[in-house]
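Which chain is which? The protein sequence lines are A and C, in order. Going left to right, the first sequence walks through residues 400 to 555 as the numbering used here numbers them. Going left to right, the second sequence walks through residues 400 to 555 as the numbering used here numbers them.
Where hints are given, some of them may not hold.
Heads up, the list lumps identical chains together, so a pair's fine if it works in one copy or across two of them.
[Claimed, not checked] Derived lysine-lysine pairs resembling DSS-like cross-links, with alpha carbons at most 27 Å apart: (1) K415 x K462; (2) K462 x K536; (3) K475 x K497; (4) K415 x K469; (5) K500 x K415; (6) K462 x K401; (7) K503 x K469; (8) K475 x K401; (9) K462 x K500; (10) K536 x K415; (11) K500 x K469; (12) K503 x K536; (13) K536 x K401; (14) K401 x K415.
If you're looking for bench data, these hints aren't it; they were derived computationally from the structure.
Number of protein chains: 2
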Amino acid sequence: MKISFNPIGVIHTQFKEKTGVPIQPRFSSSGGTVEIAPEYAEGLRDLEDFSYIILIFCFHESKGYSLTVKPFLDEKERGVFATRAPNRPNMIGVSVVKLEKVEKNILHVSGVDMLDNTPILDIKPYVRDFDSFGDAKQGWLEGRIRGGHKSDNRFG
Amino acid sequence: MKISFNPIGVIHTQFKEKTGVPIQPRFSSSGGTVEIAPEYAEGLRDLEDFSYIILIFCFHESKGYSLTVKPFLDEKERGVFATRAPNRPNMIGVSVVKLEKVEKNILHVSGVDMLDNTPILDIKPYVRDFDSFGDAKQGWLEGRIRGGHKSDNRFG
Chain A
400 MKISFNPIGV IHTQFKEKTG VPIQPRFSSS GGTVEIAPEY AEGLRDLEDF SYIILIFCFH
460 ESKGYSLTVK PFLDEKERGV FATRAPNRPN MIGVSVVKLE KVEKNILHVS GVDMLDNTPI
520 LDIKPYVRDF DSFGDAKQGW LEGRIRGGHK SDNRFG
Chain C
400 MKISFNPIGV IHTQFKEKTG VPIQPRFSSS GGTVEIAPEY AEGLRDLEDF SYIILIFCFH
460 ESKGYSLTVK PFLDEKERGV FATRAPNRPN MIGVSVVKLE KVEKNILHVS GVDMLDNTPI
520 LDIKPYVRDF DSFGDAKQGW LEGRIRGGHK SDNRFG
């Protein structure tokens, strides 16, 4: 069964190539703009009242995948579904970014970790009551995360 | 531009029809099993050390969309991207669920809010340091969320 999607927009960022992309939004101070196709602009109503949004996107420069991957933050091979690596069976990315401002069909965001021109598939409001689990155990990533990591495209 | 995915598995839940599905995992005590295609099982290695996982799935029973929607939790029309409603331009769902146990290609999870046989597109570890924002403002949903809500398929 194939499931097909048309991107609803793209994100513009300063990251023109894979090297140097921050490994996760929380460690990025970079701003970006999400440009939604004008015909969807009405769907953005009320979004500005949320601090964060969830961007669902396509790792469009990802080629192929393997089931284990040595993440940037680790020395051991890990199962790909236990990582956020881009080379996965379905090259879908999920990032929580800070929403700074909405202007018609343009979202100004910060904490961006995507390549320039990454296709955006969906946007959802980040809802503290659904999405925030401050007590979550985080497996092999425990203790490995510090600010300022840069990706070599094998990120955790 | 069309982007196509093949599901990596399905989730089995007790919810055979749209009515009665909990509106979000956090308010569900229901268990479920995610059955990943055996050829991907190796990719699940190391996942069990995470408390929560992010399931990316297809709202397979969703038909069409509108750009504004009156969510179950509200009386006003909201922009669809400011809701978690299933009827969206790309019918992608994102839910954080608790991971109870991994047995080969089967994940036992709890806090499930999906219909039985929902196709799973991707699984990611929930990483507290990337995904938890306990101070996030949550717009129109502020103060509207209490446990025990059931969906009529127009959920927030």
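Structure-based check of each hint:
1. K415 x K462: Within one copy only: 17 Å inside a chain, 37 Å across chains, cut-off 27 Å.
2. K462 x K536: Classified as neither: same-chain Cα gap 30 Å, cross-chain 37 Å, threshold 27 Å.
3. K475 x K497: Classified as between: cross-chain Cα gap 25 Å, same-chain 31 Å, threshold 27 Å.
4. K415 x K469: For K415 and K469, the Cα distance is within 27 Å only inside one copy (24 Å; across copies 39 Å).
5. K500 x K415: within (23 Å within a copy, 40 Å between copies)
6. K462 x K401: both (18 Å within a copy, 16 Å between copies)
7. K503 x K469: So K503 and K469 pass the 27 Å test across copies only (21 Å; inside, 41 Å).
8. K475 x K401: neither (33 Å within a copy, 35 Å between copies)
9. K462 x K500: Cα proximity of K462 and K500: none, with 33 Å in one copy and 31 Å across.
10. K536 x K415: neither (34 Å within a copy, 31 Å between copies)
11. K500 x K469: Between copies only: 23 Å across chains, 37 Å inside a chain, cut-off 27 Å.
12. K503 x K536: Close across copies (21 Å), not inside one copy (39 Å); limit 27 Å.
13. K536 x K401: Cα proximity of K536 and K401: none, with 34 Å in one copy and 36 Å across.
14. K401 x K415: between (30 Å within a copy, 23 Å between copies)
When held up to the earlier numbered hints, the structure conflicts with 2, 8, 9, 10 and 13 and fits the remainder.
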